[in-house]
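K.L.:
Residues per chain are reported as follows:
There are 2 protein chains.
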Amino acid sequence: MDRHFDEELKELKEKLLSMGNLAEKMINQAMDGLVKREPILFNQINNWENEMNFLHIEIDDACLKLLALRQPTATDLRFITAGMKINSELERVGDQAVNISQNGTEYLKEPQLKPLIDIPRMANIASKMLQDGLDSFVRKDVELAKSVLERDDEVDELKDQLFRELLTFMISDPTTIKRALTLILIARNLERIGDHATNIAEDVIFMVLGKDVRHHAAEKPRSPGV
Amino acid sequence: MDRHFDEELKELKEKLLSMGNLAEKMINQAMDGLVKREPILFNQINNWENEMNFLHIEIDDACLKLLALRQPTATDLRFITAGMKINSELERVGDQAVNISQNGTEYLKEPQLKPLIDIPRMANIASKMLQDGLDSFVRKDVELAKSVLERDDEVDELKDQLFRELLTFMISDPTTIKRALTLILIARNLERIGDHATNIAEDVIFMVLGKDVRHHAAEKPRSPGV
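Which chain is which? The protein sequence lines are A and B, in order.
Heads up: the first sequence is residues 1 to 226, going by the numbering used here.
Heads up: the second sequence is residues 1 to 226, going by the numbering used here.
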C-alpha cells in the first residue's frame, strides 16, 4: 500500500480516538457535576463541545478528501465510510453530554431527591461501551464489537428500572415530580449514548465482515423456498 | 457524464425518496392511531419498519458500490456521501415512529388526558420539515434547506410549551402522571424527528455549498488577528 495513504489512514484513526476521548471526558464530567452537586463543573463541557464540533468537521473533511483523492476500494473504502459514520455518532454523544449538563443544571436547583447510584452506573456502562466500540474499530475486533451490542440491553434495563422507581416517587409525593422528571430525561440521555455506542459497534462489524448486522436477520422475510 | 452512472445516481435518489415516503407514512399512521385512539393502527408501523430496514441496507450498499466502482469526485462524491448520511437519518426517523407507537400503546390504555392538538401539530411540522429536507436534496435547493433549519425552533418551542402544561397537570393531579409522562415522551420523539430533518437539511447545504453549517459559525473561536 502507498505509504503516504497508510499514514493518512493512521491519522484518521487517531483523530477518531481523540474524538472518543473527548466524548468520554464529557460524560465523566457531567456525572461528576451531578454526583458532587457542583453545577460549575458543567461549564467545561461546553468548551469540549466546541472542540468536538471542530474535530467533527475536520474528520468529515479528511474522509471526503481520502475518498476523492485516494479512490479507495474494498477494505479501505469501508474503513473510511465507517469512520465517517462513527464520527457522526461521536458528535451526537457529545450533544447528549451537553443535554445531561443542561438537565443536571435544572436538577441541582432543588434539594437531592435520592442518592444517585443507578445513573452513574448507566453512565459507566455506556462509557465503556463507547470505549470498546472505538477499540473494536481500531483493532477490527468483531468479538469486542459484538460484546458492545449485548451490553445495550443492560443500559435499557437500568433505565426502565429507574423509570419505574421514579414513577412511584412522583405518584406518592407530587413535590418530587419536577426532579424525578429531570432524572428520567438524564437516564434517557444516557440510554441514547448507549445507542450511539451500539451504532458504532454495528458499523465496525459491517466494516470487518462486510455483513450488515444493523437489522436482525430474524426480521428478514425469507425468499420462498429458502 | 457516463450515462449509466447517471442512471445509478437517479436510482439512488429515488430509493431515498421511497425511504422518505415510508418515514412520513409511519409518522402519519402513529398520529392517526393516537388521535383516533385506535391502537390497532400502530400494527402497520412495524411492517413498514421492516421494509425500511431493508431499504436502509440496500441504499447503504448501493452507495458503497458507487464509491468503489465509480470512484466519483467533487459533486458526485458529495452527493453519494450525503445520500449515505440521509439514509441513516431516515432510518432513525422510522425508529422514532416505532417509539411513538409504543408510547402510544401505553397512553391509550388509560382514559384521555387532554385533547391532542399540539402533538399532531408538532408531527405536522416535523413531517413537513422532513419532506422539504428531502426535496431540497433532490433539487439541491439551499434556500429550502435553510427554511428547514429555521422551523426546528418551532418544534422545540411547542414541545417546551406542552412540557410546562403537562407538568402543571401532574402537580395538581397525581393520577395524570403516567399519562402526562407518556405524552412528554411522545413529544420528545417528535422533537427528535425534527432533529433528523435538520440534520438532513444541513447535509444538503454542505453538499451544495461545500460549506459546513453543522456547527454555527458564531461558536467558532477565531484565530488571533482574524
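Treat each hint with caution, since some may be false.
If several chains are the same, the list does not tell them apart, and a pair holds so long as it fits within one copy or across any two.
Cut-off 20 Å, straight-line C-alpha distance, at most; resulting in silico cross-link-like pairs (EDC-like, lysine to aspartate or glutamate) [unchecked claim]:
| hint | residue 1 | residue 2 |
| --- | --- | --- |
| 1 | K128 | D6 |
| 2 | K36 | D135 |
| 3 | K65 | D76 |
| 4 | K178 | E11 |
| 5 | K140 | D32 |
| 6 | K178 | E154 |
| 7 | K128 | E11 |
| 8 | K114 | E11 |
| 9 | K178 | D160 |
| 10 | K15 | D156 |
| 11 | K178 | E165 |
| 12 | K178 | E157 |
| 13 | K114 | D61 |
| 14 | K140 | E49 |
| 15 | K36 | E51 |
| 16 | K10 | D135 |
| 17 | K13 | E38 |
Treat the hints as calculated values from the structure; they're not laboratory data.
K.L.:
Take the hints in turn and mark each one as holding or not.
P.N.:
Do the hints match the structure? See the list:
| no. | hint | result |
| --- | --- | --- |
| 1 | K128 <-> D6 | neither (28 Å within a copy, 44 Å between copies) |
| 2 | K36 <-> D135 | neither (30 Å within a copy, 48 Å between copies) |
| 3 | K65 <-> D76 | both (13 Å within a copy, 13 Å between copies) |
| 4 | K178 <-> E11 | neither (46 Å within a copy, 50 Å between copies) |
| 5 | K140 <-> D32 | neither (32 Å within a copy, 45 Å between copies) |
| 6 | K178 <-> E154 | neither (26 Å within a copy, 24 Å between copies) |
| 7 | K128 <-> E11 | neither (23 Å within a copy, 40 Å between copies) |
| 8 | K114 <-> E11 | neither (45 Å within a copy, 55 Å between copies) |
| 9 | K178 <-> D160 | both (18 Å within a copy, 14 Å between copies) |
| 10 | K15 <-> D156 | neither (30 Å within a copy, 33 Å between copies) |
| 11 | K178 <-> E165 | both (14 Å within a copy, 12 Å between copies) |
| 12 | K178 <-> E157 | between (23 Å within a copy, 19 Å between copies) |
| 13 | K114 <-> D61 | neither (45 Å within a copy, 48 Å between copies) |
| 14 | K140 <-> E49 | neither (28 Å within a copy, 30 Å between copies) |
| 15 | K36 <-> E51 | neither (25 Å within a copy, 47 Å between copies) |
| 16 | K10 <-> D135 | within (14 Å within a copy, 37 Å between copies) |
| 17 | K13 <-> E38 | neither (35 Å within a copy, 50 Å between copies) |
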